[in-house]
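Novice: Sequences listed follow chains A and B, in order.
Residues 1 to 258 in my numbering are what the first sequence spells out, letter by letter.
Residues 1001 to 1216 in my numbering are what the second sequence spells out, letter by letter.
All the given hints hold, so there is nothing to weed out.
Distance windows between CB atoms, simulated:
no.	chain 1	residue 1	chain 2	residue 2	range
1	A	THR13	B	PHE1014	50 to 56 Å
2	B	THR1213	A	ILE205	24 to 30 Å
3	A	GLU247	B	THR1213	26 to 32 Å
4	A	ARG101	B	GLY1007	47 to 53 Å
5	A	VAL18	B	LYS1033	23 to 29 Å
6	A	VAL18	B	TRP1104	55 to 61 Å
7	A	ILE256	B	GLY1019	48 to 54 Å
8	A	GLU90	B	TRP1011	49 to 55 Å
Derived by calculation from the structure, the hints in this document are not laboratory data.
If you're wondering where the values come from, they're calculated on a predicted model, not measured in any experiment.
Note that CB positions come from ideal geometry on N, CA and C, so glycine has one too.
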Amino acid sequence: MAEAAVDTTEDQTVDTKVIKERLDLLKGGRFKMWLEICAHCGLCADSCFFYLAHDKDPKYMPSHKVMKTLGELYDKKGEVDRATLKEMAEVVYGDCTACRRCSMFCPFGIDIATMIAAGRGICCSQDLHPDGLKAAIQNYKDTGNQMAMSSEDFVETCEWMAEETEEELKGLEIPIDKQGARIMYTVNAREPKFYPQDIAEAAMIFHAARENWTMPSNGWDDTNLAMFAGDGKTMTAQVKLVYDAAERLGAENIGITE
Amino acid sequence: MYEFVSGPLVWVAFIVFIGGMIIKTVGLISLSKKKDKVVYNHLNLDWSMRSIFRWLVPFGSRGMRENPVLTIAGFVFHICLLAVPLFLLGHNILWDEAWGISLWSMPDRIADWMTLFLIAAAIVLIIRRIVLPEVKIVTTSTDYILLAIACAPFITGYMAYHQWMDAKTITIIHILCGELMLISIPFTKLSHMILFFLSRAHIGSEFGERRGTVTW
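Bound conformation, chain A alone:
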C-alpha cells in the first residue's frame, strides 16, 4: 500500500490507483443499477434535514450530493486532483449525516446514503476524513475504544461506580468478565470517561431486574466512529473486538447502551 507515500493531508497528490480499485470494488449490481436509474425527480429533497435547515438550498438535496461526489468519481474514473476530492470530502462528511432518510423516500428505492458512505470510504482512503475522526480512529487502533482509556482505567471506573451505588442498593455489583452471562453490556466510551454515573444507572436497572449480566474488560466500546469515517478496516476490527469479547465470555446477548 501507499502508506509511506501518502502520509499527511499536506500531501497534494491522490492515489488514483486506490480510488479506482475502490470504485471498481463498489460497483456491484446495486451501485450499477442505482447510478443508472435515478430519474432526477427531486423527491429526496424534502426528506433531508440539511436541505430543509438551509432554507431549501438545492445544493443540499441528497441526489445532488451523490452526483457531485460518487457520481463524479465514476464519471471521471477516479481521475481527480486533491482539491476536487477535498471538496467532495466537505460534502460527504459535512453536508450529510448518512441518516438514510432519503433512501426511504426515493421512489426507486435507491440507497442514496449508502452511496455517500461509499464516497466517505474513498475520501478516507486518501486521508481526507475529518481530524476528529482521525484521532478517534487512532484511539480505536491503540486501545480498542475511542477515548483511549486503558483497560485498568475502565475496570477501576466500574468498581468505583459499584462501590458508590452499593450504598443505595445493597448487593449491587458491576461484574467484569463474568463467564456465561445472559447479557454482555457495552457502552459508549464517553460514559466511563465523562459520565460514569450512566454505568451506575444501568447497573441499578440490571440489579433491580436480577439480570445475569457482565461487562468485558476489553471490547466494551460499542461506538464505531471508524464506520462514519469510512475506514472499513478499523470499523471491522472494532466490531470484531466486541464480538470476540462476547464469545470469550460465552455471553448469550450483547447489550448496547442507549
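Chain B: place on chain A using the hints.
Specialist: What follows is chain B alone, placed relative to chain A:
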C-alpha cells in the same frame, strides 16, 4: 419504406428491447450475487412485495402524498404510456392481421384523450424540472431527451390519427419513434420499467427485514 419500418425493424426493436432487458436484468442479478452478497441474507419476499406495491398505488407512500402534483402527473403519464399502445384498436388490428392475436381494445376516443393527457402530464414534468430549484439542479439533458423519446410516439401517433400531415409519412415517423423508444429502454434509465422492481425489493428488504421500518 413503410414495409421496412413496419416489418423487419419492428422485429429488431422488440428483440433488442426484450433481449436487452433480459441480459441486463440477469447480468445485474448475477453481478449482485458476486459482489453484493450481503443483500441476500435479508432479502424477503413479503417486504419486497409491500415495498413495490406501495409505490405502484397512487398516494401509497408519504413522498407521493406530499407531492400531489408529481404523483398525479407521474401516474397519468405512466398509465397512458402503457395502456394506449397496448390497447389501441389500430395496433390490435395490426397484430390480429399479422398473427391472429389481439388484446382487448379501447374506443379510439378514449385513446385520443389519453394521448392528450400523457402530453399534458409530460408538460407538467418539464415545467417541474424548470421551475423547482431542487429538481432543476439534478436535471441533465438526458432527462429531457428521454422524455422526448417517450412522448414522440404519442405526438406522432396523434398526428397520424388526425391526418395532420401526409398520412404515410407521419405513420412511418410514428413507427420509427415507437421503435426508438423500445430500443432505448435497455440502454437508458428507461430500464427502470424492470429495474424499479429490483431496487424496490432491495430497499424494502433492507429497511423492512433488517430493522422493521417501512420505506413508503
